[in-house]
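Use these hints to put chain G onto chain C, whose structure you have.
Chain by chain, the residues:
Number of protein chains: 2
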Amino acid sequence: MQMQSSCSLPRPKSPPMARSSIIPSSLSDGLVFTAGAFLALLIFLGLYSFLSPTPIPNRLFSFSPSFSSTSSHIDDTYDPPDETFYDDPTLTYTIDKSISNWDEKRRHWLKLHPSFSGGRERILMVSGSQPYPCRSYHGDHLLLRSFKNKADYCRLHGIELFYNTALLNPSMNFFWAKIPVIRAAMLAHPEADWIWWVDSDAIFTDMEFSLPLDRYRAHNLVLHGWPELVYKKKSWCSLNAGVFLIRNCQWSFDFMDEWASMGPQSPDYEKWGKLQTSTFKDKMFPNSDDQSGLVYLILTGKGGWRDKIYLENEYYFQGYFAEIVSRLEDITERYIEEEQKGPAVLRRRHAEGVFLSYAKERNAELGKQKGADTGPTGWRRPFVTHYTGCQPCSGDRNKVYSADNCTLGMYKALNFADDQVLRIYGFRHASSVSADVQPLPFDYPRSEE
Amino acid sequence: MQMQSSCSLPRPKSPPMARSSIIPSSLSDGLVFTAGAFLALLIFLGLYSFLSPTPIPNRLFSFSPSFSSTSSHIDDTYDPPDETFYDDPTLTYTIDKSISNWDEKRRHWLKLHPSFSGGRERILMVSGSQPYPCRSYHGDHLLLRSFKNKADYCRLHGIELFYNTALLNPSMNFFWAKIPVIRAAMLAHPEADWIWWVDSDAIFTDMEFSLPLDRYRAHNLVLHGWPELVYKKKSWCSLNAGVFLIRNCQWSFDFMDEWASMGPQSPDYEKWGKLQTSTFKDKMFPNSDDQSGLVYLILTGKGGWRDKIYLENEYYFQGYFAEIVSRLEDITERYIEEEQKGPAVLRRRHAEGVFLSYAKERNAELGKQKGADTGPTGWRRPFVTHYTGCQPCSGDRNKVYSADNCTLGMYKALNFADDQVLRIYGFRHASSVSADVQPLPFDYPRSEE
Numbered sequence: 003m004q005m006q007s008s009c010s011l012p013r014p015k016s017p018p019m020a021r022s023s024i025i026p027s028s029l030s031d032g033l034v035f036t037a038g039a040f041l042a043l044l045i046f047l048g049l050y051s052f053l054s055p056t057p058i059p060n061r062l063f064s065f066s067p068s069f070s071s072t073s074s075h076i077d078d079t080y081d082p083p084d085e086t087f088y089d090d091p092t093l094t095y096t097i098d099k100s101i102s103n104w105d106e107k108r109r110h111w112l113k114l115h116p117s118f119s120g121g122r123e124r125i126l127m128v129s130g131s132q133p134y135p136c137r138s139y140h141g142d143h144l145l146l147r148s149f150k151n152k153a154d155y156c157r158l159h160g161i162e163l164f165y166n167t168a169l170l171n172p173s174m175n176f177f178w179a180k181i182p183v184i185r186a187a188m189l190a191h192p193e194a195d196w197i198w199w200v201d202s203d204a205i206f207t208d209m210e211f212s213l214p215l216d217r218y219r220a221h222n223l224v225l226h227g228w229p230e231l232v233y234k235k236k237s238w239c240s241l242n243a244g245v246f247l248i249r250n251c252q253w254s255f256d257f258m259d260e261w262a263s264m265g266p267q268s269p270d271y272e273k274w275g276k277l278q279t280s281t282f283k284d285k286m287f288p289n290s291d292d293q294s295g296l297v298y299l300i301l302t303g304k305g306g307w308r309d310k311i312y313l314e315n316e317y318y319f320q321g322y323f324a325e326i327v328s329r330l331e332d333i334t335e336r337y338i339e340e341e342q343k344g345p346a347v348l349r350r351r352h353a354e355g356v357f358l359s360y361a362k363e364r365n366a367e368l369g370k371q372k373g374a375d376t377g378p379t380g381w382r383r384p385f386v387t388h389y390t391g392c393q394p395c396s397g398d399r400n401k402v403y404s405a406d407n408c409t410l411g412m413y414k415a416l417n418f419a420d421d422q423v424l425r426i427y428g429f430r431h432a433s434s435v436s437a438d439v440q441p442l443p444f445d446y447p448r449s450e451e
Numbered sequence: 003m004q005m006q007s008s009c010s011l012p013r014p015k016s017p018p019m020a021r022s023s024i025i026p027s028s029l030s031d032g033l034v035f036t037a038g039a040f041l042a043l044l045i046f047l048g049l050y051s052f053l054s055p056t057p058i059p060n061r062l063f064s065f066s067p068s069f070s071s072t073s074s075h076i077d078d079t080y081d082p083p084d085e086t087f088y089d090d091p092t093l094t095y096t097i098d099k100s101i102s103n104w105d106e107k108r109r110h111w112l113k114l115h116p117s118f119s120g121g122r123e124r125i126l127m128v129s130g131s132q133p134y135p136c137r138s139y140h141g142d143h144l145l146l147r148s149f150k151n152k153a154d155y156c157r158l159h160g161i162e163l164f165y166n167t168a169l170l171n172p173s174m175n176f177f178w179a180k181i182p183v184i185r186a187a188m189l190a191h192p193e194a195d196w197i198w199w200v201d202s203d204a205i206f207t208d209m210e211f212s213l214p215l216d217r218y219r220a221h222n223l224v225l226h227g228w229p230e231l232v233y234k235k236k237s238w239c240s241l242n243a244g245v246f247l248i249r250n251c252q253w254s255f256d257f258m259d260e261w262a263s264m265g266p267q268s269p270d271y272e273k274w275g276k277l278q279t280s281t282f283k284d285k286m287f288p289n290s291d292d293q294s295g296l297v298y299l300i301l302t303g304k305g306g307w308r309d310k311i312y313l314e315n316e317y318y319f320q321g322y323f324a325e326i327v328s329r330l331e332d333i334t335e336r337y338i339e340e341e342q343k344g345p346a347v348l349r350r351r352h353a354e355g356v357f358l359s360y361a362k363e364r365n366a367e368l369g370k371q372k373g374a375d376t377g378p379t380g381w382r383r384p385f386v387t388h389y390t391g392c393q394p395c396s397g398d399r400n401k402v403y404s405a406d407n408c409t410l411g412m413y414k415a416l417n418f419a420d421d422q423v424l425r426i427y428g429f430r431h432a433s434s435v436s437a438d439v440q441p442l443p444f445d446y447p448r449s450e451e
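As they're listed, the protein sequences go chains C and G.
Quick note: the first sequence uses the numbering used here, first residue 3, plus one each step.
Quick note: the second sequence uses the numbering used here, first residue 3, plus one each step.
In isolation and in its complexed conformation, chain C is listed as follows (with noise of 0.2 Å):
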């Protein structure tokens, strides 16, 4: 379920440590004086690193994953009898009632369960597409291998997948029909402290890294987006809707609600459609929209919400299709060479279950290489490819692209990153864009040189 037009306004070029935050820039000195002990903090690290024998472990640079997958013991074969949230009859999975005291209620549901407790931060990823078949021909297919994509990522990475073909609220179709499920998964998952909403066009195409979750402490809401975009473009374009982070607590319901009432099941909804045109000049479409909305409330300040809304952009927590597929090839190529000269280690065969060990190895190797940067200049595989306008089941794409750029753009993206899974099981694609595969020779790829 997306929207009909793309983004194509041209990301401002931002230094490479800019801050991801969106409060305006018209606040206090204390601000001003923040940003000069930042600064004074990079100038230190730059000259640390330089002097001390022992590379500083520096999340900033080289975005090694923060997040381990190992699963901790859980109980799933008991549920205590005593009272929780769920035994309450007011309290509903649909979106018309708000929630109330649900961190509390979260609490206490995670005390009579200690198993679900502690270790790592869990993530449920939550992804979903029609409940019918696409109209166009590839469209189904490409559901299914994205399907398959995200079940991929999540197996490596030890994160549980739901993915919902249901549309919980008539009203709330194309791309409000996501608030809904992410509700209901928030009250079906009380250990999750995140919900990972991936549209069903989103590619993971870097299998290997895993989200900076320290980064977003502070925060409970991560879009992908720019705030220049944002105060001083007033672009519905400034960021991303289709691939979000939204903590699992009483904010998020309460966002939430704010953000559905913009919708077509709200009596607010022609209002809204109107507010959104008047303020983005860029809009493409007269209706209220999701993405227009959350650029609404972060440019305006309205209910509050944007001093906990992250806009990441310092990698690509998602990427727009159109500035990466022509490069995909080029990465590939980037990694075997690297791989040809580097340590063993990169080319070891292993078993799925130790995934990330080696995932942590080729980060540790990128940290040191130049121009690994993420990005449209940088070799490092994009973690994320959106096909934002290319509609692949409907066919109803943003002419700007042709159908090539489109369909033969998400095969090339679910290939490149299958061929990260394949591996895995000793094959890969013939080609970018074939269904054959190859065996894998062993020691591969310096059995190519």
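Derived by calculation from the structure, the hints in this document are not laboratory data.
None of these values were measured; they are calculated from a predicted model.
Certain hints may be false.
Said to hold, decoys possible - Looking from chain G toward chain C, a few residues come up when the C-beta cut is under 8 Å (computed): (1) Ile76; (2) Arg351; (3) Gly355; (4) Val356; (5) Lys362; (6) Ala366.
Said to hold, decoys possible - Cut-off 30 Å, straight-line C-alpha distance, at most; resulting in silico cross-link-like pairs (BS3-like, lysine-lysine): (7) Lys113(C) / Lys362(G); (8) Lys343(G) / Lys362(C); (9) Lys343(C) / Lys304(C); (10) Lys113(G) / Lys107(C); (11) Lys234(G) / Lys273(G); (12) Lys310(C) / Lys343(C); (13) Lys236(G) / Lys343(G); (14) Lys343(G) / Lys310(G); (15) Lys362(C) / Lys107(G).
C-beta: ideal position from N, C-alpha, C; glycine also.
This is chain G only, laid out in the frame that chain C set:
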């Protein structure tokens, strides 16, 4: 990837506790003695349960989960540098080269990775479909829903799922394609005790049922079938090769080598076609197929494999859809009735994470109900409903089935299963074939009386 034809042979009438071993009746007196002892045991247990005030926790009479999915604490972020089979250049993932000493290789790997051992037996589910879009309109959408169905089952039971869309050996297509995939999966998952192959057209219709793995302790391959049909009818339909459990061990590698030697890539392919056709008078097409090949090995005892093959028919390890689909609505109604009059625990809302706790409660309740058997006359949910012969992807179904039987039938089974999952999220389908969903009231279904 399914067979062209379906098996429409009427199932034999087996007594409820018939042994499903496949050893023919012409063996020694030892078997007679064993049968007598078994009967004595049955009588004893029957009397004991009558006289004893405490119910016997008897897994022979009710399929309570003997397998809990409680995850053990694995460490996926460290792979020791010690050599394992992965470092052996002579070991390949492809089917053309045999594996030897696998049990020792696996044991060695597990010793180096102690966190992957212990606890319950680990299962890896493997399924898959073709790498290009389906010909038929509903095809890919049904595959997507079926994949979701498997992903739901696995998530509820803590089982990993690998969904494959690559043809690993270009000559081994259709039903042969699974063998190279299973083999590669065994190597990629040395921690898995079992690989559970499930065809793409097989749907899990009882989310609460867990495999009774204790039954298969002495066997390496489990399929649904009837010894009577193997030995007396000599039918190619005496078992179904679309759903099976295969132990991750040397026996299985050797077995798959022999099984695969009947495939299209083998120089003996034609010979096997003729041999199978002359042996099984009801075989409907002349080429060698995986299912007839299996029956042949059991019937003749060739290679000695049959001693380790278990033919399960006491529950729908896989169930032929044509004897199930028309009963699904009645089964739904019966479960609703039982929940309305049964204990509150059957209706209690809960987290998805403790699903198995409620599965245990339900299975205990079902154990007390008359007629709650699995089978064509019982009203227990069928474990797996297999649309064999429907060919949803190509559309080339067996003409004894109408498009409605197949397509609509699959949607019915998918909805039937989906309702068991959606319930956890507070919803259900509006009807057995409807894509629409409705919210569930508190204390459903008692609130509907």
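Taking the hints in turn, this is what the structure says about them:
Here the hint on Ile76(G) is kept, as its CB sits about 6 Å from the closest CB of chain C, short of 8 Å. Because the smallest distance between the Cβ of Arg351(G) and any Cβ of chain C comes to about 4 Å, under 8 Å, the interface hint for this residue holds. Taking 8 Å as the C-beta cut-off, the interface hint given for Gly355(G) holds, the closest approach to chain C being about 5 Å. Contact between Val356(G) and chain C, as hinted, is supported at the beta carbon level, the nearest pair being about 4 Å apart and thus within 8 Å.
Because the closest C-beta pair between Lys362(G) and chain C is about 6 Å apart, less than 8 Å, the hint holds. About 13 Å separates the beta-carbon of Ala366(G) from the nearest beta-carbon of chain C, more than 8 Å, and the hint is not met. Taking the CA atoms of Lys113(C) and Lys362(G), the gap is about 22 Å. The hint holds against a cut of 30 Å. In summary, the hint linking Lys343(G) to Lys362(C) is not supported, as the alpha carbons are separated by about 55 Å, beyond the 30 Å threshold.
A distance of roughly 54 Å separates the Cα atoms of Lys343(C) and Lys304(C); the hinted pair therefore is violated under the 30 Å criterion. For a cut-off of 30 Å, the pair hint linking Lys113(G) to Lys107(C) is broken: about 42 Å separates their Cα positions. In summary, the hint linking Lys234(G) to Lys273(G) is supported, as the alpha carbons are separated by about 24 Å, within the 30 Å threshold. Pair hint Lys310(C) plus Lys343(C) does not hold up; C-alpha atoms about 44 Å apart against a cutoff of 30 Å.
As the CA atoms of Lys236(G) and Lys343(G) are separated by approximately 47 Å, the hinted pair breaks the 30 Å bound. Proximity of Lys343(G) to Lys310(G) is assessed by CA-CA distance (about 44 Å); at most 30 Å being required, the pair is judged violated. Between the alpha carbons of Lys362(C) and Lys107(G) the distance comes to roughly 25 Å, so the proposed pair stays at or under 30 Å and holds.
Checked against the numbered hints listed earlier, the structure breaks hints 6, 8, 9, 10, 12, 13, 14; every other hint is satisfied.
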